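Modelling step: build the complete structure from the supplied sequences, incorporating the hints.
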Amino acid sequence: MNILKMGPGKAGLLATGLAAAVSFAAPANAADEVVMAVPTFLTGAGAPAFGVPARNGAEVIIEAINKGKLPAPYNNSGKGLAGRQIKAVIYDESGGGVKQVAEFRNKVQKQGVDLFVGYISSGTCAAITPVAEELKMLTIFPICGTPRIFEEINKTPKYVFRTMGHATADGVAEALYVKANMPGVKGYTGINQNYAWGQDSWRDFDLAMKQLMPSVPASDKAQWPKIFSGQYGAEISALMLSKEKLVHSSLWGGDLEAFIFQGSARGLFRKKDVLFSVADTSVYRLGKKAPFGSILGARGPYGIFAAGVDTPLNNWFRKVYIDRYSVPPVGGSYQAAQGVLAAKYAYDAAAKANGGKFPNKDQVIAALEGATYQGIAAPVHMNRSNGHQAATKHMIGVLQWDKEAGEPIMTKVTEFGPDCVMPPPGVNGTEWLKGGMKGAKC
Amino acid sequence: MTVVLEVRDLQKTFGAVVAAKDINVTVNEHEIIGIIGANGAGKTTFVNMVTGYLKPTSGHIEFAGRNIMGLPPREITTLGISRSFQVPQVFASESVFDNLLMAYAIAEVSGMGLLSPLYNDERAARVDSHLDRYKIAEYRNATASTLPQGIRKLLDIAMAAVSKPTILMLDEPTSGISVEEKFGLMDIIMEALRQDETTVLFIEHDMEIVERYVSRVLAFYQGQVICDAPTAEALVDPGVREFVIGEEYHRTRTEAANGGGDNHA
Amino acid sequence: MRHVDKTVTGLTIAFAVLFLADFFMAEWVRFIGLQSLARGAVALGLLVLWRTGLVSFGHALYFGIGAYAAAMLTLIGYHDAFFLVFAGTLASGVLAFLLGFLLRRYRAIFFALLNMAFSMILYGVIVKTEELGSTDGFSLHPPTFLGYAPQGEAVQTTLFIFTLVFTYIVTVGVHLYLKTTLGGMSMAVRENEIRVEYLGYSAEKVIHVKYVFSGLVAGFGGAIMALAIGQVDPDSMANWNVSGEFVFITILSGIGNVGATYIGALVFELIRTYAFEYAPQIWQFILGGSLLAIIMFLPDGIWSLVDRLRKSEG
Amino acid sequence: MQELIVILVDGLVFSSYLFMVAVGLTVIFGVMKILNVTHGSFYAFGAYMSATLIGAYYKTDWPEFGGFLAIFAAALIVGVFFGIILERGLLRFLYHRDEHIIVLATFAMFLVLEDVLLLIWGTDPYFAFEPMSLLGSVDIVDLTFDVYSLTLIGLAAIVGLGLWLGLTKTKWGKLLLAVIFDREISQAMGINVTVVFTVTFVIGAIMGALGGAYIAPTISVSPGIGVEVIVLAFAVVVIGGMGSIPGAMIGALLVGISRAAAVHKFPEIELFVIYAIMAIVLAVRPEGLFAPAQARKI
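Chains as they are written, first to last, in our numbering: chain S, 1 to 442; chain H, 1001 to 1265; chain D, 2001 to 2314; chain P, 3001 to 3298.
For the record, the hints were derived by calculation from the structure and aren't laboratory data. Since the structure is predicted, the reported quantities are computational estimates derived from the model, not experimental observations. Check the hints yourself; a few may be wrong.
Stated by the list, open to error - Computed beta-carbon distance windows for the label pairs:
1. P/Ile3140 - D/Leu2075: 48 to 54 angstroms
2. D/Leu2075 - P/Lys3033: 42 to 48 angstroms
3. H/Thr1013 - P/Val3141: 47 to 53 angstroms
4. D/Tyr2274 - S/Asn181: 50 to 56 angstroms
5. P/Asp3124 - S/Asn181: 32 to 38 angstroms
6. D/Pro2150 - H/Leu1115: 32 to 38 angstroms
Idealized CB from N, CA, C, for every residue including glycine.
Listed below in structure tokens is the structure:
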């Protein structure tokens, strides 16, 4: 390369040409379809625990909606969303918030998507919320833990909905359960992944405990393993040596399973009472290796907690799901299906209000705001954050092995009403916790 | 005669190995000095220390009235001592012209001047006249890595001479050059340096070259200067004959006595 | 040199065309364009380093600092794009200046990895800072431009012009800089540091200057990215694979021309976008495969295609 | 006192894990000067293959301890297969290129293999806990440890010692050292560098796969496990001195024990330990703690 001979400036021309070439690729979607983007983890560590079960749950429900085969209470609602078939665009949520924002714009502006039902990670939801509002895109988050979505990022959402309770509910339900069932507890410690979800989970549980059981101290040596580290030898030793008997953990997926293998081999679960906030993702998979006797949550009435709910919708969902995927649906499957049902409910209700004609976006939004609709396993009340944030009941129990059925079941289950574990409308979760959870109806 | 370089009690040890010991040398303006010695005798170590590549363990190096010991090469170069290398150090994937252009630019500008264009017509003209003096103009656009060994050596030396140093130290300018080419090469170098009135110290194994171009010899043996004398004297010194010349110099030449005198400025 | 500089002409035409196209572009194209400009700027910094013979596997450090500095200023009420981008750029530059004293002593793979170590420390600090949303990061309000506060699509349109103007200035500046003595020393240091020292200049100083420069433009790119996306998070902005992407873009572009970095960044975005759309299960496969193909068959990057074209013409 | 011993044991176990994860990387770098990002894929494929073979093995009624053979078989299969394919099929075309380009090529290959892994094994995790259950647990200073994790210390010691002896005491090892010291001169001396490279790469690949294969019973073998070990292995190798086996060992011990101490004493800083050590070591000793000697070029 001769430093004196720089090339000519065709760079820009080439760039312009490329940009022009791609900008002509216009979206081509049929007019009688509703294009529903379903972002979920298809690769990476989030895939087996949440992403793939969520995709499966969404697929089951979308197929039934398109064929008009949903059982009661959706049995008389015709095919599709207000009569139009759903064209699902399922894609990968991996790669971080920035990349997902870019992809969101692509889907909206390039592929002409009509609505989004998806996103699992709090980080992605937090990143997507402002863009969805900016682009005026109906976006239903079926999962996402962080309360910040409607508490900080957008307090007056118009286009963004979340159809399940947020992380504050988990912490409150867990603390309530501990107070009711383990009155003699002398202290608690924790092991949570060192990232936003782990930090939030511990903070909310810790705040709720400080309110409900103020005399019970938290350990100052709660463990913070790096996410996806998979090696917990030292952490398990530290937990076993700690004087606190109760251990709070929001580990999930591969990390959770590795922790359980390594902890079981060392008798951790015999020595300590471990409370897992999202371990339902792994219980079926672990089978007899699961830590029986541990306290479990599923972030609501989902997965293993819904196993005994005897409604036509739930029975149908479990059967179809198990037939198709050979495993029972877990939390993610229920939550994603619940998110798609929100769209079903809203489009149909809006069409009805619109005299049977296919509704526009604002009508769909109006129908969903503040509504109560039937989820797979429990009613969903869209009654927080101007009717954009759901509240559902919550359930915590103890995991046991059912010898007869040959599968894990929940025992000693306590149900908490939606208004017991979710902060009242308009109240910030953290402040609610710090202020003594005023207005909770338990 | 003016003293330009004074080295006193220079010492260099690598762990237990003594690479240089008690070196005392005074160099006068316009001298042409040959440094001789067997491999490992400490010749290159001496050059490396004077030009700042190696930091001496102890001693004193005075150049143009100031102590330059321990200064980095770039400062010593800026003060006026340049060097060439046994293995030519050039910008291998650039043309001969670009090599010298860069050498000129670095020699000519500093500070904010570094942000002026590298190429300008005046500088290019200076590069071309430099190429002519070193007789490498025909290789102007050749990539340095493709040059024949002799030409690459010339380029290396030409680059070192760009800044018109007070002292130029050449590390084996003729090593790796065929016998037929050696004298031609040395003639080019010495003529160019004579015009610049540069004081030259060069490391050399070939006693014919030493005899022909050099007025004074420093002979190294085991890290020490065992002889510092006019060429004719040095070449008959018994120590030099035993430890340095050895089998390298078999022939006796009657005209040896007035070797480098012709080229003395 | 004495004639019209073709690269400057080309860049001027290209940026002018993009400037006009801004008003007609599909939104998603503009968005990809914005990202390409931001990533291209980082690659421009890497190009300067690369010409000096150095590769950094940690420039997400400066990208991240630029992005987070701009984003954090919005938290305390500053929203002007000029100020945010200037601050992000400056913050990265200052950090690069400080770390430069250490890093300029290193070469080759050690330079690359020490950069990575520092970037991972930043990553760790962000993850550990719950106030900044840990791994979730946080979002920014749309920026204002010297008092002008666009809404909706106008935000992106304005930001695009803003970015175009600044990347144009930076890019032409870099191009002219590369022709100065200091710029030319990139080559000299890469080829032979010993010679540079013996010509009387400090190779480390040269490297330090280039390093600070690369930090500045990476910070610039990060700040632009933060404004364009409206969101910062450590996984997209400070993790090691982000650094890898920048090196990817640099290789894709080749180091032959400053404008090529933006084409490289654009091609990278397009590959990723289309792979994501048409092969969501194997987009990494396609991305990796494309990179391999470039390395094997276009060793000097996309720019070498232009060179070939020119040769066949002439 | 109990805590101190526990920190030491935890530290040793984690160090052994780090060493097993890093040793293949350092072997390849030492001889070939290639920073091999594909190492993460070797680890992941080793783990998946191990889980698959262990699963298959325990479906038979063969002796229980035979399951351990499945681990080593998995490492061999993956290492030999991918080692040969990658070295012969890709890397040998790049040896004349810049070292950074080779790193990027292995990074690209890593991306490709991540998805290949998904295509073969899907997203569902694989469990292979039988070997771990088999060995049971043991009490040290009143604390229960699982024996399988402790055997990791032995494995790391054997691998480290074996490689070190192999390098310094055998004829083949001396050839390798010659190649490490100066590639051109070795070639001139008639050493077949091509063969040396292929064999080294395969050995490095086997080591990487063995890391994954041996860890598999203690973890959930699921997507993304490969990417996690890359940075970890880089850090250990950089700290120890790239290409040095004793260096990798010391680096692993330094990081492993510091991390265990952090977990027990200051769990909040666990995340930083490894990078902080890396930055400090590099700042003080840029070539790492045990940089192998380099032939002087000038």
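Hints, verified against the model:
1. P/Ile3140 - D/Leu2075: 48 to 54 angstroms: The hinted range 48 to 54 angstroms holds for isoleucine 3140 of chain P and leucine 2075 of chain D, with Cβ atoms some 49 angstroms apart.
2. D/Leu2075 - P/Lys3033: 42 to 48 angstroms: holds, 45 angstroms
3. H/Thr1013 - P/Val3141: 47 to 53 angstroms: holds, 52 angstroms
4. D/Tyr2274 - S/Asn181: 50 to 56 angstroms: holds, 53 angstroms
5. P/Asp3124 - S/Asn181: 32 to 38 angstroms: holds, 33 angstroms
6. D/Pro2150 - H/Leu1115: 32 to 38 angstroms: holds, 37 angstroms
Checked against the numbered hints above, the structure violates none of them.
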